[in-house]
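**Student:** Sequence:
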Amino acid sequence: MKNILVLTDFSVPAWNATTYAFHLFENTNCVFYFLNTYTPEITSTRFLADAVPNVLQNSTPALSSKKGLEALVRNSRKNFKNQLHNYKTISSYSLLIDEVKQVVIDSEIDYIVMGTIGSSEKDSVFMGRNTVRIVKAVTNCPVLAVPKDFQFKQLNTIAFISDLNHFYSSEELDPILMLAKIFHSSVEIVTIQNSLGQLPELQRFNHEMIDKKLAAVNHSFQSLAMTDSFSNSVQQFIKQFKCQLLVMSNITNSYMNGICSDLVIERSTFYSEVPVLLIQGIKNDVPVNQ
Numbered sequence: 001m002k003n004i005l006v007l008t009d010f011s012v013p014a015w016n017a018t019t020y021a022f023h024l025f026e027n028t029n030c031v032f033y034f035l036n037t038y039t040p041e042i043t044s045t046r047f048l049a050d051a052v053p054n055v056l057q058n059s060t061p062a063l064s065s066k067k068g069l070e071a072l073v074r075n076s077r078k079n080f081k082n083q084l085h086n087y088k089t090i091s092s093y094s095l096l097i098d099e100v101k102q103v104v105i106d107s108e109i110d111y112i113v114m115g116t117i118g119s120s121e122k123d124s125v126f127m128g129r130n131t132v133r134i135v136k137a138v139t140n141c142p143v144l145a146v147p148k149d150f151q152f153k154q155l156n157t158i159a160f161i162s163d164l165n166h167f168y169s170s171e172e173l174d175p176i177l178m179l180a181k182i183f184h185s186s187v188e189i190v191t192i193q194n195s196l197g198q199l200p201e202l203q204r205f206n207h208e209m210i211d212k213k214l215a216a217v218n219h220s221f222q223s224l225a226m227t228d229s230f231s232n233s234v235q236q237f238i239k240q241f242k243c244q245l246l247v248m249s250n251i252t253n254s255y256m257n258g259i260c261s262d263l264v265i266e267r268s269t270f271y272s273e274v275p276v277l278l279i280q281g282i283k284n285d286v287p288v289n290q
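Per this note's numbering, the very first residue in the sequence shown carries number 1; after that it's consecutive.
Just so you know, the hints here were simulated from the structure itself, not pulled from any lab data. One should not assume that every hint holds.
Said to hold, decoys possible - Derived DSSO-like pairs (lysine-lysine); straight-line CA-CA distance at most 30 Å:
#	residue 1	residue 2
1	K2	K67
2	K136	K213
3	K136	K101
4	K67	K101
5	K212	K153
6	K2	K136
7	K136	K181
8	K66	K2
9	K239	K148
10	K148	K66
Said to hold, decoys possible - Each pair of labels, with its calculated beta carbon distance range:
#	residue 1	residue 2	range
11	D228	N82	37 to 45 Å
12	A215	N140	35 to 43 Å
13	A62	E201	23 to 31 Å
From a predicted model like this one, the values you see are computed outputs, not experimental measurements. We put the beta carbon where it would ideally sit given N, CA and C, even for glycine.
Model the full assembly from the supplied sequences, consistent with the hints where possible.
**Tutor:** Right under this line is the structure:
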């Protein structure tokens with residue numbers, strides 16, 4: 001049984017992320033927790049849907065949240081009849097980050113699923129404010145961010161971007177292993193370098209450890225020379241290898257450190273046509289001689 005936390009503001013991007021999760025875990029026993037948080041209108045409306053039907057917008061935030069979640073469950077059951085899936089709703093008068101952290105612990109969440117952007121964010125933004133904040137704040141659960149127009153595709157190839165400067169525990173790699181086993185995917189571990197050459201000792205060690213821990217699935221290592229930007233290098237790789245999912249570590253990864261330095265991630269800074277799974281790296285780097 002897997003516990004999946006789906007964050008929703010009842011927008012089109014949020015529904016698209018929800019349906020992606022239904023397809024991704026189609027053959028897995030799951031409980032989907034639909035979470036919507038709300039705060040007083042005078043304080044903030046960004047956690048409550050701009051896209052909620054007018055009949056709900058004319059009501060109180062609490063009632064709008066409750067009715068929106070009820071409608072989400074009805075639509076899910078109507079459009080995705082799956083006996084392996086069960087649904088629970090959480091309507092919470094709280095701040096989004098605080099509630100997500102608590103639900104992850106209390107419900108032993110395996111994956112967080114959300115859209116890359118909210119209903120009110122501009123098309124020039126790839127990853128919106130709430131998504132970036134979740135990635136930064138939640139350190140004990142992988143986050144799956146789904147682009148608003150992406151339609152589910154079988155995971156034949158998964159791209160795992162790593163600078164190889166981090167020692168990955170088996171727990172950190174489990175989210176990749178699980179999906180690769182379900183879909184019999186090939187995992188391509190990609191290191192992007194300014195110039196190609198022999199890896200330093202620490203990176204070689206981490207390379208060997210990843211190789212051992214992914215031994216149960218088909219995988220290979222790729223080294224790419226940086227083109228004009230990290231984002232373009234990644235996109236070229238995804239297109240060349242026809243990848244359906246991009247995996248990166250969170251702030252333990254030097255790539256993500258640079259990308260998530262701002263409140264939002266503009267498309268000009270980073271962009272991915274496929275969903276991004278951000279695994280939560282533990283700060284457990286160890287010397288090679290251990």
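**Student:** All hints, please: hold or fail.
**Tutor:** For each hint, the structure was consulted:
{"no.": "1", "hint": "K2 x K67", "in the structure": "holds (26 Å)"}
{"no.": "2", "hint": "K136 x K213", "in the structure": "holds (26 Å)"}
{"no.": "3", "hint": "K136 x K101", "in the structure": "holds (12 Å)"}
{"no.": "4", "hint": "K67 x K101", "in the structure": "holds (24 Å)"}
{"no.": "5", "hint": "K212 x K153", "in the structure": "holds (28 Å)"}
{"no.": "6", "hint": "K2 x K136", "in the structure": "holds (23 Å)"}
{"no.": "7", "hint": "K136 x K181", "in the structure": "holds (28 Å)"}
{"no.": "8", "hint": "K66 x K2", "in the structure": "holds (24 Å)"}
{"no.": "9", "hint": "K239 x K148", "in the structure": "holds (19 Å)"}
{"no.": "10", "hint": "K148 x K66", "in the structure": "holds (24 Å)"}
{"no.": "11", "hint": "D228 x N82: 37 to 45 Å", "in the structure": "holds (44 Å)"}
{"no.": "12", "hint": "A215 x N140: 35 to 43 Å", "in the structure": "violated (25 Å)"}
{"no.": "13", "hint": "A62 x E201: 23 to 31 Å", "in the structure": "violated (57 Å)"}
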